[in-house]
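All the letters of the sequence shown, read from the start, carry residue numbers 6 to 318 under the numbering used here.
Treat the hints with care, since some could be wrong.
The calculated lysine to aspartate or glutamate pairs, modelled on EDC-like cross-linking and capped at a C-alpha distance of 20 Å, are [claimed, not checked]:
| # | residue 1 | residue 2 |
| --- | --- | --- |
| 1 | K132 | D148 |
| 2 | K213 | D136 |
| 3 | K15 | D176 |
| 4 | K132 | E196 |
| 5 | K11 | D65 |
| 6 | K281 | E206 |
| 7 | K310 | E234 |
| 8 | K213 | E295 |
| 9 | K310 | E236 |
Pairwise CB distance ranges, derived in the manner of DEER restraints [stated by the list, open to error]:
| # | residue 1 | residue 2 | range |
| --- | --- | --- | --- |
| 10 | A183 | A157 | 23 to 33 Å |
| 11 | N36 | R210 | 49 to 59 Å |
| 12 | A157 | E234 | 49 to 59 Å |
| 13 | K310 | A171 | 32 to 42 Å |
| 14 | E196 | A14 | 24 to 34 Å |
| 15 | D50 | T242 | 18 to 28 Å |
| 16 | L30 | A228 | 35 to 45 Å |
The hints are simulated quantities; they were obtained by calculation from the structure and are not laboratory data.
Built from N, CA and C at the ideal position, the CB exists for glycine as well.
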Amino acid sequence: MTLFAKLIAKTDLSADISAFRFAPLSGQFSNMEPGAHIDVHLGPDLVRQYSLCDWDAGGDWLEVAVKREAAGRGGSLAMHALEVGNMVPLGAPRNHFALQDRVTHATLIAGGIGATPILAMARELAKRGADLRVVYLVRSRADAALHDRFAALNLGDRYQLHCDDAEGRCDIPALMRAVPPVGDVYCCGPEPMLNAVLATEGELRGGKVRFERFATASNADAAPKAGFEVELTSCGTVLPVGPDQSILGVLRDHGLPVEFGCAEGLCGSCMTDVIKGEIDHRDGVLTPEEQAGNAFMCICVSRAKSARLVLDL
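All chains, please: the whole structure from these sequences, using the hints.
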């Protein structure tokens, strides 16, 4: 479901990061919560996902922050080309990075533009009076686009801005060891930072790492690819998927309507139930537990370990 919205404010937060505030043309936004993201339809076959960093409780506006990536795939450049007053379709918020209802302790680790969902989480946890700590990792103070917003939460020494150029690389293992017993870590940011956090999850004392990627796992695309078949339960059709094809691409080539967004395994739009077969998960959305369950998959990037997958389509 999409809702047409107007860009009502565009604010530069740093040299390459801007905040975009949208208001619905009719009705109100709903289902906004920390960790959620929206699809922004910027043109034909140009849909990008951005995490909510702020919103109005009544649903009158929502805000995302976007980093301009000159060497990216065009989404951020299209976003930064928007002007106040422009109309764009927005997809309803979806959340694969949700805060748990009961939080004993949360250490929130934000890296670069990954601070957008972390800011919303910090705001919510502060409102709950929860035990939390926020660490914002950036290369330099000039890159800390959301620092003022974190500081406005008045967390005191529970908020730390870490600038690599002044303090050196953050000691991730020490940071993880400092998490209180049964405390969880919520992390979003660049792949190297995320990998460092995940590699030291064993330092936690009873808690777990909950994370969101901005890119698929670095080794996902490099893994060998073999052909396989997909069978559709609705009609019994069997389609071959070649080593250089995706399930999503094959379905679209055959005129089958399939919902999708990023086509990179990051948004979950194309999540599909799997009736039979063994999945080769290559997405950045599902948790290890969900992947082990072998019940659903992102058909844009994930593949088959078995000769055939039977899909609930």
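Outcome of the hint check:
{"no.": "1", "hint": "K132 x D148", "result": "27 Å, violated"}
{"no.": "2", "hint": "K213 x D136", "result": "16 Å, holds"}
{"no.": "3", "hint": "K15 x D176", "result": "35 Å, violated"}
{"no.": "4", "hint": "K132 x E196", "result": "30 Å, violated"}
{"no.": "5", "hint": "K11 x D65", "result": "11 Å, holds"}
{"no.": "6", "hint": "K281 x E206", "result": "32 Å, violated"}
{"no.": "7", "hint": "K310 x E234", "result": "11 Å, holds"}
{"no.": "8", "hint": "K213 x E295", "result": "15 Å, holds"}
{"no.": "9", "hint": "K310 x E236", "result": "15 Å, holds"}
{"no.": "10", "hint": "A183 x A157: 23 to 33 Å", "result": "24 Å, holds"}
{"no.": "11", "hint": "N36 x R210: 49 to 59 Å", "result": "34 Å, violated"}
{"no.": "12", "hint": "A157 x E234: 49 to 59 Å", "result": "54 Å, holds"}
{"no.": "13", "hint": "K310 x A171: 32 to 42 Å", "result": "47 Å, violated"}
{"no.": "14", "hint": "E196 x A14: 24 to 34 Å", "result": "31 Å, holds"}
{"no.": "15", "hint": "D50 x T242: 18 to 28 Å", "result": "24 Å, holds"}
{"no.": "16", "hint": "L30 x A228: 35 to 45 Å", "result": "44 Å, holds"}
Hint compliance for this structure: hints 1, 3, 4, 6, 11, 13 are broken, all remaining hints hold.
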